[in-house]
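Dock chain V against the given chain H, drawing on the hints supplied.
2 protein chains.
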Amino acid sequence: MKFSIDPRLQKDCFVLGRSTFCHVLLMNNAAVPWFILVPETDALEIYDLSTAQQTDLWAEVRKIAEFVRSEYPVDKLNVAAIGNIVAQLHVHVVGRRHDDYCWPDVVWGRPAPEQYAESVALELRAKLASHVQGFVRART
Amino acid sequence: MKFSIDPRLQKDCFVLGRSTFCHVLLMNNAAVPWFILVPETDALEIYDLSTAQQTDLWAEVRKIAEFVRSEYPVDKLNVAAIGNIVAQLHVHVVGRRHDDYCWPDVVWGRPAPEQYAESVALELRAKLASHVQGFVRART
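Line by line, the protein sequences give chains H and V.
Counting from 0, one number per residue, gives the positions in the first sequence under numbering that gives the first Met the number 0.
Counting from 0, one number per residue, gives the positions in the second sequence under numbering that gives the first Met the number 0.
Bound-form chain H, shown alone (with noise of 0.2 Å):
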């Protein structure tokens, strides 16, 4: 199977490269540090990876977790794997502080504020690269 990235998380995303297995995206939102992993895998559903698969999905998930706690002024740390509109398997990892744009409501369904220069997302993938253990950039 090839696998490939979901349209609409591309289209919503910067692909800033991959940990070992998922693929990190960057939601275009500059309101919020708000990460998405993508596992390379077809399963739709956490629970029908292997239990070895799950490990290393959360094992991921808090690297991810831990980058965002160091880098950005957090309150709380919102984790989520949810894919009512994106079915492909993906979870989110959004930094929230008190005064955010929708705190204390969730970010799903609410159009992001204010969008990334790229300049910035790349700035950010080179940090995720020197910081986070495993992580290797896309090249684009």
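I should point out that these hints are in silico values taken from the structure, not numbers from a laboratory.
The structure presented is a predicted model; accordingly, all values stated were derived computationally and were not measured.
Just so you know, not all the hints are guaranteed correct.
[Unchecked claim] Some but not every residue of chain V turned toward chain H, in silico, with C-beta under 8 Å:
#	residue
1	Glu39
2	Thr40
3	Asp55
[Unchecked claim] Computed footprint of chain V on chain H, listed as stretches where at least three residues anywhere in the stretch have a Cβ under 8 Å from a Cβ of chain V:
#	region
4	17–29
5	44–55
6	59–72
7	81–88
Where is the CB? At the ideal position from N, CA and C, for every residue including glycine.
Frame of chain H; chain V shown alone:
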């Protein structure tokens, strides 16, 4: 430390019992199967738990997710740690259907369209006790 479940969660949910690490709650929203796991910890983020505790938490979330998939007609599982309103660490496991009351939107922030009769919650508690390994029902 004497652990107690957050008052808002107690108000919104039935406390069904506990798994090894987590209390298992049923959100009082009869329109979707919606369980909440509350690990017995004062950590507010998953990533402040020890690695062993994180493994236990995800294993218990998995058991509840598998219960939901086996007992309900579910098109998609939504699994999320949010905590913007109730800070106490908790993980949502929600079984969604394409024809449920707020598909494809997320359930958070939407009022429950219908509540459970207490007898139904008690039946569910008994079903968890017989179907989910390690689940011990709450005394009430």
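A quick look at each hint next to the structure:
1. Glu39: violated (19 Å)
2. Thr40: With a closest approach of 15 Å, the Thr40/V hint is violated.
3. Asp55: This interface hint is violated because 12 Å lies over the 8 Å limit.
4. 17–29: violated (count 0)
5. 44–55: holds (count 5)
6. 59–72: holds (count 4)
7. 81–88: This one holds; 5 residues, not fewer than the three required, reach chain V with a Cβ under 8 Å.
Checked against the numbered hints given earlier, the structure breaks hints 1, 2, 3, 4 and satisfies all the rest.
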